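J.: What follows is the residue order along each chain.
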Amino acid sequence: MAALRPARSALLSPLCRAFAGPSYQLSPERAAERRDAASGRVSGFCPPRKSCHDWIGPPDKHSNLRPIHFYVPENESPLEQKLRKLRQETQEWNQQFWANQNLTFRKEKEEFIHSRLKAKGLELRAGSGQKATLDAEEMADFYKEFLSKNFLKHMYYNRDWYKRNFAITFFMGKVALERVWNKLRPKPKTTST
Amino acid sequence: MAASPHTVSSRLLTGWVGGCVWYLERRALQESPHTFMHLFRSVSKQWITFQHLTFLRRMYVTQLNRSLNQQVKRKPEPVASPFLEKTPLGQAKAEICEMRPLPPPSLPLPRKPNEKELLELESASIIDSSLDAEKETKEEKHWKEMKLHLDDLPGVLARLSKIKLTALVVSTTSAGFALAPGPFDWPCFLLTSLGTGLASCAANSINQFFEVPFDSNMNRTKNRPLVRGQISPLLAVTFATCCAVPGVALLTWGVNPLTGALGVFNIFLYTCCYTPLKRISIANTWVGAVVGAVPPVMGWTAATGSLDAGAFLLGGILYSWQFPHFNALSWGLREDYSRGGYCMMSVTHPALCRRVALRHCLALIGLSAAAPALHVTTWTFPVISLPINLYISYLGFRFYRDADRKSSRKLFFCSLWHLPLLLLLMLTCKRPPGASGAGGEPRS
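First to last, the protein sequences are chains H and G.
The working numbering numbers the first residue of the first sequence as 3 and each following residue consecutively.
The working numbering numbers the first residue of the second sequence as 1202 and each following residue consecutively.
For the record, the hints were derived by calculation from the structure and aren't laboratory data.
Computed from a predicted model, the values in this text were never measured in an experiment.
Just so you know, nobody snuck in bad clues.
Which residues of chain G face chain H? A few of them, derived with a C-beta cut under 10 Å, are:
| # | residue |
| --- | --- |
| 1 | Q1431 |
| 2 | L1436 |
| 3 | P1477 |
Result set (DSSO-like, lysine-lysine): computed pairs, CA atoms no more than 27 Å apart in a straight line:
| # | chain 1 | residue 1 | chain 2 | residue 2 |
| --- | --- | --- | --- | --- |
| 4 | G | K1348 | H | K165 |
| 5 | G | K1348 | H | K87 |
| 6 | G | K1423 | H | K151 |
| 7 | G | K1423 | H | K63 |
| 8 | H | K151 | H | K165 |
Glycine included, each C-beta is placed from N, C-alpha and C at the ideal position.
Could you put together the complete structure from these sequences and hints?
T.: Right, here's the structure in full:
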């Protein structure tokens, strides 16, 4: 599991950069954070040996999505493999999108608060040491702007998510039917040795 | 002459609806806070909810007293909680960081270490790995096997179908049925309630099936069954189909085809129009209001078999009610909507949001006045409903003018009791049979 992590990070970091957009530079810490967030580390979890089900973990701290550790049966059929690969790929895709989305939101929110407080002539931390915040009505401008800025991104995401969701469910149905059929059909005669 | 069975049934229903709401409110107040978390579902537009909103009120109060982040209150749950426990991990991390100064044994050392240093390194690595192991064990405890236990299935399906919301939808259908003219037919009433309930379960399940990643990212919806992996998407869709088909069949053949058609229409409207539209345009609020208005219309058509003016009036009242209710609620959730990509008026067109809420508060007064004109109720109804209608309009006006959290909360909480009370008053003022055109006559 640990060996897989750098490979996955290496694969996903160019995608991360593509997602980041040209508007701002990624500092090394941020880049590392995004890489980590997007790769959605499954934290080295290993299910018990005798389990033959998928396992679902706690929500990821960046994407809020729960990672699934997929079970690979020994006699996995091509259809089952296709389904598993699709689910795995969708999981990574979702992880990347939402991790990026949430990180961007947090970052832009902080920048907005900072710039507004500066315009007001206030420091980020008040005299008492408490973090100064803006009230809901001032934040409303930011929320509106953020939503409209990301509107197209969400449109593409929605379309792709619906497609993937339907595809996964459809294949789940096919796999279920295949399993039922395998149980019901007459077993082939075993040749005597 | 003895009171007609219809009147008795109406009165029973009034008492039942009232008692239901009262009972649900009592339960709401008695439930412990952490249960609210589970019950605090989606804030996005839904079919009208009573108890749901009572829970929301409690949640809203605690949530709004916090920062904008709307962090979920940490609940004292056993380790099997799905929440990522940040504090213990943070502590473990800090401890690990403190151990860092000692070089890890895997790196090549500049000179051959003597035994003492080796022992130190080994102990450091043991402590390191034990802390790592502790952290991992804690994380591993949060991992759950995705195996469906039959014992859990009823609870999971109840949450999937938003059973409490469904119950409230069925109660508005019952109100529509009871308000319709004609003799009260108990078998028809039960079939209508069951059919509508099944249709609502199906629609809610499909809604959750579509919205898994979005629900994960909003505090109120992150404990839904599909988000937590307690049920597979295939099973969710199968369940929805197993509810929709018998539900619609029951309505079409057990009641009448018109009600069945309305049921199908509403399922379609909710799952295929409202749900995707939430992320595309603010028009979703209007579509959602129609979704909320259809169940009482279905109740009416089940009783009478036709779409009369009375049906439209009832639908209109519920339609108008959705706006002050939802717009006020959405005012405090702008951050979540913005981050999650939901197109809501409160985020994109705040002035419109408040204007529409006020407009529809005033419309409720007008619709209440129209009720006797359309022979649904007696003229007593607009008179006795005027105080509550004026009050919600006043709060709507305050929300429009002040546009702050306080006024939005007040309007939202008012809408929670306003609708049940309005429906109750309608039921008590229902026009008695045979008294058409001469409202106010005492019943014989």
